[in-house]
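So the sequences go chain by chain: P and B. Once you know that position 3 of the first sequence is 921 in this note's numbering, the rest is easy, because the numbers rise by one and skip nothing. Once you know that position 209 of the second sequence is 415 in this note's numbering, the rest is easy, because the numbers rise by one and skip nothing.
Careful, some of the hints might be misleading.
[Stated by the list, open to error] Heads up, incomplete: computed chain B residues facing chain P, CB under 10 Å, no partners named: (1) Leu-221; (2) Arg-225; (3) Leu-228; (4) Leu-236; (5) Gln-250; (6) Arg-253.
[Claimed, not checked] These stretches of chain P come out as covered by chain B in the derived footprint (C-beta under 8 Å, 3 or more residues): (7) 1029-1038; (8) 1086-1092; (9) 1221-1234; (10) 1237-1245.
It should be emphasised that the hints constitute simulated quantities derived from the structure, not laboratory data. Treat the numbers as computed from the prediction; the structure is a model and nothing was measured. No residue lacks a Cβ here, since even glycine has one placed at the ideal position from N, Cα and C.
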Amino acid sequence: MTRRQFWQRFSLHLDLILLTGLGLLMLTSLVVLYSAGDATWGRVLAQMVNIVVAFSVMWAVANMPLHYLMRAAVPLYTLGMILLVAVALFGEISHGARRWLNLGVATIQPSELMKIAVPLMMAWYFEQHEAALNLKSYAIATLLLLLPVAFIAKQPDLGTAILIGASGFYVLFLAGLSWRVMAVVAIIAAVSAPFLWDMLHDYQRHRILMLLDPTKDALGKGYHTIQGMIAVGSGGILGKGYLHGTQTHLNFLPESHTDFIFAVFSEEFGLVGNLILLGMYLFVILRGFVITANASTYFTRLMAGSITLTFFTYAFVNMGMVSGILPVVGVPLPLMSYGGTSLLTLLLGFGILMSIQTHQKLVKT
Amino acid sequence: MRYHHIELKNHQRELYYFRLRLALSLGFVLLLMTVLLVRFVYLQWLRYDHFHTMAENNRISIVPIVPNRGLILDRNGVVLAHNYSAYTLEITPSKVVDMEATLDGLAELVDIQPKDRKRFRKMLGENRNFESLPIRNLLSDEEIARFSAQRYRFPGVEVKARLFREYPYGEATSHLIGYIGRITQKDTDRLEDEDLLANYRGSDYIGKAGVEQSYERELHGLTGMEQVEVDAGGHGVRVLSRSTPQSGNNLTLTIDAKLQQIAEQAFGNYRGALVAIDPNNGEVLAFVSKPGYDPNLFIDGIDQQSWDELNNSPDTPLNNRVLRGQYPPGSTIKPFMALAGLYYNKRSPTYTISDPGHFSLPGTTHLYRDWKKDGHGSVDLFRSIVVSCDTYYYGLAVELGIDNMHAFLAQFGFGEKTGVDLEGEQPGLLPSQEWKMRRFKQKWYAGDSVSAGIGQGYDLVTPMQLAYATATLANGGVGYKPHLLKALQNMETGQSTATKAEVSANYPINSQHFSLVKSAMIAVTQPGGTAAAAGAGAAYTIAGKTGTAQVVGIKQGAKYDASRLAERHRDHAWFMAFAPAEQPRIALAVLAENGGHGGSAAAPIARKVMDYYLLGKAPASMPVVGQTPTAVLESSGVDAGTNPAPSQEEEEHD
Chain P
919 MTRRQFWQRF SLHLDLILLT GLGLLMLTSL VVLYSAGDAT WGRVLAQMVN
969 IVVAFSVMWA VANMPLHYLM RAAVPLYTLG MILLVAVALF GEISHGARRW
1019 LNLGVATIQP SELMKIAVPL MMAWYFEQHE AALNLKSYAI ATLLLLLPVA
1069 FIAKQPDLGT AILIGASGFY VLFLAGLSWR VMAVVAIIAA VSAPFLWDML
1119 HDYQRHRILM LLDPTKDALG KGYHTIQGMI AVGSGGILGK GYLHGTQTHL
1169 NFLPESHTDF IFAVFSEEFG LVGNLILLGM YLFVILRGFV ITANASTYFT
1219 RLMAGSITLT FFTYAFVNMG MVSGILPVVG VPLPLMSYGG TSLLTLLLGF
1269 GILMSIQTHQ KLVKT
Chain B
207 MRYHHIELKN HQRELYYFRL RLALSLGFVL LLMTVLLVRF VYLQWLRYDH
257 FHTMAENNRI SIVPIVPNRG LILDRNGVVL AHNYSAYTLE ITPSKVVDME
307 ATLDGLAELV DIQPKDRKRF RKMLGENRNF ESLPIRNLLS DEEIARFSAQ
357 RYRFPGVEVK ARLFREYPYG EATSHLIGYI GRITQKDTDR LEDEDLLANY
407 RGSDYIGKAG VEQSYERELH GLTGMEQVEV DAGGHGVRVL SRSTPQSGNN
457 LTLTIDAKLQ QIAEQAFGNY RGALVAIDPN NGEVLAFVSK PGYDPNLFID
507 GIDQQSWDEL NNSPDTPLNN RVLRGQYPPG STIKPFMALA GLYYNKRSPT
557 YTISDPGHFS LPGTTHLYRD WKKDGHGSVD LFRSIVVSCD TYYYGLAVEL
607 GIDNMHAFLA QFGFGEKTGV DLEGEQPGLL PSQEWKMRRF KQKWYAGDSV
657 SAGIGQGYDL VTPMQLAYAT ATLANGGVGY KPHLLKALQN METGQSTATK
707 AEVSANYPIN SQHFSLVKSA MIAVTQPGGT AAAAGAGAAY TIAGKTGTAQ
757 VVGIKQGAKY DASRLAERHR DHAWFMAFAP AEQPRIALAV LAENGGHGGS
807 AAAPIARKVM DYYLLGKAPA SMPVVGQTPT AVLESSGVDA GTNPAPSQEE
857 EEHD
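Use the sequences and the hints to build the structure in full.
As structure tokens, then:
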């Protein structure tokens, strides 16, 4: 096999347009991580390893025909539910929440698996019942969504619960859930909000209250929000320059390499940098929309749409949190924040998108 | 055809609706992106001046003020852990351009050993670049003067005054007091889990072992805060507000430092463990695990060589044998077995066996040997304890059955953690039928009971457990939870809170049974008993029991010969005792690893400890620790009369 042939075989199922967008974002991530680590290579190198691993997974998934994926829906979802129940029963408590499961060899966080498994399961369900969709089908799909979400919210991991809830809602919405039903649910939600408030954990209420007035707790939880806003705001139009962010380097900024990495970027690259970053995210999202619009089956349409919209949701929630318009719920900035697990889940999703795009292209020709 | 047409039409309609919804989603995405954009414009353009000012001119830095760590004192106010102030030379890596040149330059002014450099490199790897890290501790005045004169040459290097922790008793209290060490990422994660991280801003150290670890929360204190205005370079300009830190609480332990020291010395070259408890309240008087280590080495990160020495030593000096050493109890189980036999009516005080030196189960030929080859002749319950007759207990164990044994022995805390206030305690092992089925999926055999009758086989105890069981026995079946904390003194209010004794076992022993077993245990330390030598000439009555814990199995027919066995394969020696037997004030368990016989190896150690505690008699050669009781404890209500001078009467007996 010549080098050219190898390259063709290798990139056969990679969507190069999407890959360009993802690559740019991950490259930016490495640049910012170097700064967030006070000009050290440790985390940059570790993240490079994460990227290589996650990329391999993405490549493998992209090369997988779609019916494999459909077949995996029920087992994955079932496994995820079993693990969630196991976490509720035997999980390890960390950060005041029960999220991790110790398998002896490794600890895993089953909610991460559900980020893919829930939309997959719902899309599969709709595909099976495509011919005769009625209110009951939507009700069952909703149940498939609410069950894991309830378990995850109970851990408690409100951030992940909301995001998985959103990914499932996107499937429902794209599958054609009637506007009337959505309106009724919205009204019920508004009415029951006060009761939900009572069900929240103290720290969650605290965080929501801090959103309304972060100055109240300047040394505690509000500190995150305030320092994030100062970092973003003081970046100005052009930013303070690479490696010159004072908020970052004088240690005012908490969690600068994970949840608050956007503040580091924003402080050093300013409004112009933010525009470019938003542009990169929009680029990836638009490509996702194109793939969704071209998808040939009901299943792939729902799946692609949900993945794309969920990706956007992550980015929006994180940037909104750092810039002080959303509560601090502990969601990383997709493709930018340090961490292997979230990167793996994201690229797994993009692998599915690529598979949807490239396999049907082959079918057509 | 028509059907197909409809389907196609439906399909297209469906696709139309889907794309409509997709377009709506895109609108939603663009809308929210615009919201973000507007927010960025607001923050970074319209409100730029405000945030710029906040970040640049009026940077209010919150500087944590680390509280003084509480002291640890013994029951008489003797200092076991304290703080002293000293100067350190510190480097902030991010401000240094050429680290090698800086270190070389500094080495010309102050004494910097290769060891210091190695440690510093290790810290460099573990910490953020913006933290200042010590290169040398304990600078002399001369060194400070020399550095100060040349200071301009070394940007990013500073002399700082810091508080240091010291353990004056060093190795003698190592496993008890433990040590503090620099906070690692793992500690940080745990503090975050417990929501305590804020209180540790600025703190460099945290308790890593022993009392320093288990009472970390009490010792650390509350971190104060200073709001300082800093300029763009991060230098403080003025203090805006200040909340004073609250020192950690002082701990008064139940330990008697002198007793601890004597116990530690008494081991000589033996490895092992000793725990002494006041049976009347569960106060732990001495807590020794031999060998120990110098805890002072760990505070600023131990150097690799010392670490390797400790970690690779066959003597395992880092292993806390008191809490984590699990050994077969051997014959120390016999007094408890005797009580079980009486309780379940399997033995009467007068019931006598004729001991041929071995025992076999009915219908089998396997011989379970007594430690004495030719046997002890005619043995009743009293004598079975005095001469430690194995054959007596082989038979008793089979008649009792393992589940009765389990139920009875569990009352003395065997098989479960004592709950002493230190971390890492092991539960030992008290077997039962149910346990064996669970663990090995096997039924319990009568042969298993035979071994269990003399504390071999599956049974395991920690020295802490045996000491607790001894104290419970001494107290007639009422056990107090062993504890090390006698009182907590709040440094802010000066108020002292004493720990209350907590009853953890309440199974009063039949008084006739108790006095029979006790009299046999007294006879153990008198002529004819297995610990006669160690009990000789004591001015008080000692109730004791020796034991040996087998390290290697001995083949059928073979004879245990200590001199032929490698030292490491020799039996472990046990001794448990309480005294004065009539009104016990101290109960203890001693383990001498590979000591051979309890009577000769372990009992003399116990004797020295009891002599000091009850009579105030100290061995001649005692190293003096350069510490005097501090004045801190004036109001803490420490009972100074714990070690009264020996009475006239006792001295006459001596």
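Here is what the structure says about each hint:
| no. | hint | in the structure |
| --- | --- | --- |
| 1 | Leu-221 | 8 Å, holds |
| 2 | Arg-225 | 6 Å, holds |
| 3 | Leu-228 | 6 Å, holds |
| 4 | Leu-236 | 8 Å, holds |
| 5 | Gln-250 | 4 Å, holds |
| 6 | Arg-253 | 6 Å, holds |
| 7 | 1029-1038 | violated (count 0) |
| 8 | 1086-1092 | holds (count 3) |
| 9 | 1221-1234 | holds (count 4) |
| 10 | 1237-1245 | holds (count 5) |
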